[in-house]
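Line by line, the protein sequences give chains L and U.
In this text, residue positions in the first sequence follow our numbering: the first is 1, and each later residue adds one.
In this text, residue positions in the second sequence follow our numbering: the first is 1, and each later residue adds one.
These are computed hints drawn from the structure, not numbers from a lab.
It cannot be assumed that every hint is accurate.
[To be verified] EDC-like, lysine to aspartate or glutamate: derived pairs with alpha carbons at most 20 Å apart:
| # | chain 1 | residue 1 | chain 2 | residue 2 |
| --- | --- | --- | --- | --- |
| 1 | L | Lys90 | U | Asp201 |
| 2 | L | Lys93 | U | Asp203 |
| 3 | L | Lys99 | U | Asp203 |
| 4 | L | Lys89 | L | Glu209 |
| 5 | L | Lys287 | L | Glu297 |
| 6 | L | Lys98 | U | Asp343 |
| 7 | L | Lys89 | U | Asp212 |
| 8 | L | Lys98 | U | Asp201 |
| 9 | L | Lys169 | L | Asp183 |
[Claimed, not checked] Far from chain L, some chain U residues (derived; all Cβ distances over 12 Å):
| # | residue |
| --- | --- |
| 10 | Leu159 |
| 11 | His252 |
| 12 | Val348 |
| 13 | Gly355 |
Keep in mind that this is a model prediction, so the values were computed, not measured.
A virtual CB, placed ideally from N, CA and C, is assigned to each residue, including glycine.
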Amino acid sequence: MPTIKEIVKQPERLAPGHRLCAGCGAPIAVRQILHATTDKVVVGCATGCLEVTTTTYPFTAWKVPFIHNAFENSAATVSGVEAAYRSLKKQGKLPADKKIKFLAMGGDGGTYDIGFQSLSGAMERGHNMVYVCYDNGAYMNTGIQRSSATPKGASTTTSPAGTVQQGKKEFPKNMTACMIAHDIPYVAQASIHNYMDAIKKFEKAFLVEGPAFVNILAPCPRGWRYPGEKTVEMARLAVESCFWALFEVENGKYRLTGESARLAKNPDKIRPVMDWMQEQGRFRHLKLPKNADLVVEIQEEVKRRWQWLLKLVEASNS
Amino acid sequence: MTRKSMTGNEAVAYAMLQVNPDVVAAYPITPQTSLMQKFADYVADGMVDTELVTTDSEHSAMSATVGASAAGARAMTATSSNGLAYMWEIVYIASSTRLPIVMPVVNRALSGPINIHCDHSDAMGARDSGWIQLFSENAQEAYENMIQAVRIAEHPDVLTPVMVCLDGFIISHGMETVEVFDTETVKKFIGTYTPQNPLLDVDNPTTYGPLDLFDYYYEHKRQQIEGMEKSRDVILDIGREFASICGKTYGHFEEYKTDDAESVILVLGSTAGTTKGVIDKMRAQGEKVGLIKLRTFRPFPHQELAGILGKFKAVAVLDRAASIGSLGGPLFTEVRCAMLGQDSVPIVNYIYGLGGRNIGMADIESVYQDLSEITASGQVKNLVTYLGVRE
Ligand SMILES: Cc1ncc(C[n+]2csc(CCOP(=O)(O)OP(=O)(O)O)c2C)c(N)n1
Numbered sequence: 001m002p003t004i005k006e007i008v009k010q011p012e013r014l015a016p017g018h019r020l021c022a023g024c025g026a027p028i029a030v031r032q033i034l035h036a037t038t039d040k041v042v043v044g045c046a047t048g049c050l051e052v053t054t055t056t057y058p059f060t061a062w063k064v065p066f067i068h069n070a071f072e073n074s075a076a077t078v079s080g081v082e083a084a085y086r087s088l089k090k091q092g093k094l095p096a097d098k099k100i101k102f103l104a105m106g107g108d109g110g111t112y113d114i115g116f117q118s119l120s121g122a123m124e125r126g127h128n129m130v131y132v133c134y135d136n137g138a139y140m141n142t143g144i145q146r147s148s149a150t151p152k153g154a155s156t157t158t159s160p161a162g163t164v165q166q167g168k169k170e171f172p173k174n175m176t177a178c179m180i181a182h183d184i185p186y187v188a189q190a191s192i193h194n195y196m197d198a199i200k201k202f203e204k205a206f207l208v209e210g211p212a213f214v215n216i217l218a219p220c221p222r223g224w225r226y227p228g229e230k231t232v233e234m235a236r237l238a239v240e241s242c243f244w245a246l247f248e249v250e251n252g253k254y255r256l257t258g259e260s261a262r263l264a265k266n267p268d269k270i271r272p273v274m275d276w277m278q279e280q281g282r283f284r285h286l287k288l289p290k291n292a293d294l295v296v297e298i299q300e301e302v303k304r305r306w307q308w309l310l311k312l313v314e315a316s317n318s
Numbered sequence: 001m002t003r004k005s006m007t008g009n010e011a012v013a014y015a016m017l018q019v020n021p022d023v024v025a026a027y028p029i030t031p032q033t034s035l036m037q038k039f040a041d042y043v044a045d046g047m048v049d050t051e052l053v054t055t056d057s058e059h060s061a062m063s064a065t066v067g068a069s070a071a072g073a074r075a076m077t078a079t080s081s082n083g084l085a086y087m088w089e090i091v092y093i094a095s096s097t098r099l100p101i102v103m104p105v106v107n108r109a110l111s112g113p114i115n116i117h118c119d120h121s122d123a124m125g126a127r128d129s130g131w132i133q134l135f136s137e138n139a140q141e142a143y144e145n146m147i148q149a150v151r152i153a154e155h156p157d158v159l160t161p162v163m164v165c166l167d168g169f170i171i172s173h174g175m176e177t178v179e180v181f182d183t184e185t186v187k188k189f190i191g192t193y194t195p196q197n198p199l200l201d202v203d204n205p206t207t208y209g210p211l212d213l214f215d216y217y218y219e220h221k222r223q224q225i226e227g228m229e230k231s232r233d234v235i236l237d238i239g240r241e242f243a244s245i246c247g248k249t250y251g252h253f254e255e256y257k258t259d260d261a262e263s264v265i266l267v268l269g270s271t272a273g274t275t276k277g278v279i280d281k282m283r284a285q286g287e288k289v290g291l292i293k294l295r296t297f298r299p300f301p302h303q304e305l306a307g308i309l310g311k312f313k314a315v316a317v318l319d320r321a322a323s324i325g326s327l328g329g330p331l332f333t334e335v336r337c338a339m340l341g342q343d344s345v346p347i348v349n350y351i352y353g354l355g356g357r358n359i360g361m362a363d364i365e366s367v368y369q370d371l372s373e374i375t376a377s378g379q380v381k382n383l384v385t386y387l388g389v390r391e
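Chain L on its own, in the form it takes in the complex:
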C-alpha cells in the first residue's frame, strides 16, 4: 500500500485536460484506481460521461491502453481482452513475465441497468478483472435521467418532482449486494472522499485472482445540484449518514471500513440522511412540509439497510 506521499510522485495515467465538469467525482475515482497498482493496466469503459469526455477524437486522456465499445458491454468487452491475454500468453505470443491488469468501468446506468447482464456474465465466468462502477446516481451523460441507482425522492429529468409526484418513487437497487451474490473473491463499496480507503480497496481488487467488483460513490454537481467544490463533502455526508456504507467482502467475509467502521461503534454519530439531502437541489422538494412523511420513509429505509449490513458483518465473521 503506497502512502499519499508516494502516490503523488507516481505518474498520472489519466492526463489532465479532459472535458469532465469541474467537481466531477469520476476522474477522482479513476486516479484512485490507477494509483492502486503499479502494473500495466488495460482499461475498458462503458459509454457515459467518463468515456465521452476523455476520448474525444483525435485526443485521448488515457495514457494506458483503453477501449470503449458500447454502453452495456464494458465487462463483456474487457472479458474478451482478458481472454486474449490468457490465450496469447499460454501460446508464448506474449512474454510469460508480462503482467497486465484488466479494468472495466461503467457509470451506474452502464452497471446497474443496461450493463447488468454483461457484468453478471463476466463475473460468473471468473475473468481476472476488476469492474468499477462510478455511481453518480443517474444517467448524467444524457442529461440526468433516473437510473436504478437514483435515490428515492431525487428529482431527475425522467423522475421530476411535480405536483403529484415527488421525484423518484423507488429506493435504489442494492447493486453491491447483487455482486456479492455472485460469490466472487472481492466486492467493495468505496467513496471518492476517502482517498486511502478507496485506494486500498482497489489495490486489493487488483491483487485478487479472479473477478472483483468495486462500487464507488462519485457525486455529480450537475445532477445532484450542488456547487462543484462540494463534491468531496457530498460523498462524505453520504457515508456519514449511512446512505452509502464503506465496506468490503473478501471471500464472503464482510468488513466495515473507514467512517462506516467508526459509525458502527458510535451509532449516535450517524447523521440524519436529511443532512446529506438538504445540500442537494435534486432533493429540494423534500423540504416542503407535505413531504415530511417521505423523508421519514427514506430515513427508515437507510436505517434498515445499514442494520442489515451490520447483521451481515456479524454473521459472516462469527
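Start from chain L and add chain U with the ligand according to the hints.
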C-alpha cells in the same frame, strides 16, 4: 486432402480447428449451436489453443470478440438469426473499429413469428453493417470460405470483418462428403497474424472506440468504405491463390452453364445446388438454362454482373428474404441497380423459402418456364413473385 463425412457445421468447426483462433466467444442458438458444440469438443480435448468464452448473450459474445480482437487476438464468434439481431449494435462497432473478425452465420429466419429454419433475413438485416458477406452453396464451400475469410479480413488493405453464411439446417445439418486440407496447408495459407496497435501492446497505449464527432466520423466512414472497396480485388486474389491448394478458383460468383444460356437464375446459398440439378435435367431436354451463384453479397459485384447479365434473354433473381416495402428482395434491388441503363434484359424477382419453406426442383423449373414465357412474349407479367406461398 482427406475426405470426411461432415455436416456443414462440423466442416466450419473443422476449419476453426485448423485456423486455431486465439479467442472464440459464443452463445448457443439453433442452427448454429452444433457448430460451437463441436468446437467446444476441440477445446476440451486440447486440440486448439483457443480461449473459449461462453458468454451470457450474443451481445456479449460479439462484445468479447471485439475486445479480444482489439487486444490483438485472432478472434471469432458464430451465430444465427435472433442472435445476429441481438448483437447488431456491436456488429457495426466491430467493422468500424476495423477488426478482422470472422463469424460464421448459420442463416435462419428472423423472428417473428419465431421460426428456426433457413432464410437469409438475418444476414440481409446486417447487409449495411460494413461486414464482408460470403455465401456458401454447401459444406465444402462453407469450409473453404472460412479459411479464405481469415486472409481476406486480415489483409492490411481490407481490415474488415467477414461473415461466412451457410444455410441453416440445409447446409449446417446436412451430411456431406467434405474434402479437408491437412492442417499444415491451412496454417501455411492463412499465415501468422500481426495485429496493428493491439491493446496488449501496453508500452504503446492506444485508445479504441473514441468519441468521433462531425469533424472526423465521416472521414472514418469513408475509410471504412474504402476498405470494403479494396476487398473486391483482395477476395479475387485470395480466391486465385486458394486454387493452388484446392484446385478450384473462388470469385465473386460462379457461373454454371451460362455460355449459351438464355434463361438465367441468380441465387445465393444452397438453392444454387438445387438449381444446378434442375439445369442438368432441363438441358438434357434441350433448354438453354443457366445459373449465377453469387458468393459475395458484400461487397456486391455490380460491375462484374453488369458485364455479363446483358447477354441473357431473361434473368430471375431469387431472394430468400423480403425487404418489406421495397421493390422485391434485397438481392433483386442490388441486381437491378447493377443493371441500371441496360433495359434490354427483363429481370424479375422471386421471393422464396421464407422460414425454411422448402424449395424443390419443380419450383425452380417453374421459374425457368416463366422466364422462357417472358422471352417468348416480350412481356413481364409479374415483376415480383412469391414462390411456394399459399395466397
Ligand atoms: C444502447 C444505448 N442506449 C442508450 C444510449 C444513450 N446513453 C449514452 S450514455 C447514457 C447514460 C450513461 O449513464 P451512466 O452509465 O450512469 O454514466 P454517466 O453518464 O452518468 O457517467 C445513455 C442513456 C447508448 N449510448 N446506447
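Here is what the structure says about each hint:
1. L:Lys90 x U:Asp201: 16 Å, holds
2. L:Lys93 x U:Asp203: Answer holds: lysine 93 of chain L to aspartate 203 of chain U is near 16 Å, not above 20 Å.
3. L:Lys99 x U:Asp203: 12 Å, holds
4. L:Lys89 x L:Glu209: Roughly 16 Å separates the two Cα atoms, so the pair holds.
5. L:Lys287 x L:Glu297: With Cα atoms ~14 Å apart, lysine 287 of chain L and glutamate 297 of chain L stay inside 20 Å; holds.
6. L:Lys98 x U:Asp343: 64 Å, violated
7. L:Lys89 x U:Asp212: 33 Å, violated
8. L:Lys98 x U:Asp201: Holds. Lysine 98 of chain L to aspartate 201 of chain U sits at ~10 Å (cutoff 20 Å).
9. L:Lys169 x L:Asp183: Roughly 30 Å between the alpha carbons, so the hint for lysine 169 of chain L and aspartate 183 of chain L is violated.
10. Leu159: 17 Å, holds
11. His252: 32 Å, holds
12. Val348: Its Cβ never comes within 12 Å of chain L, the nearest being 41 Å, so this holds.
13. Gly355: Non-interface label on glycine 355 of chain U holds, nearest chain L Cβ at 29 Å vs cutoff 12 Å.
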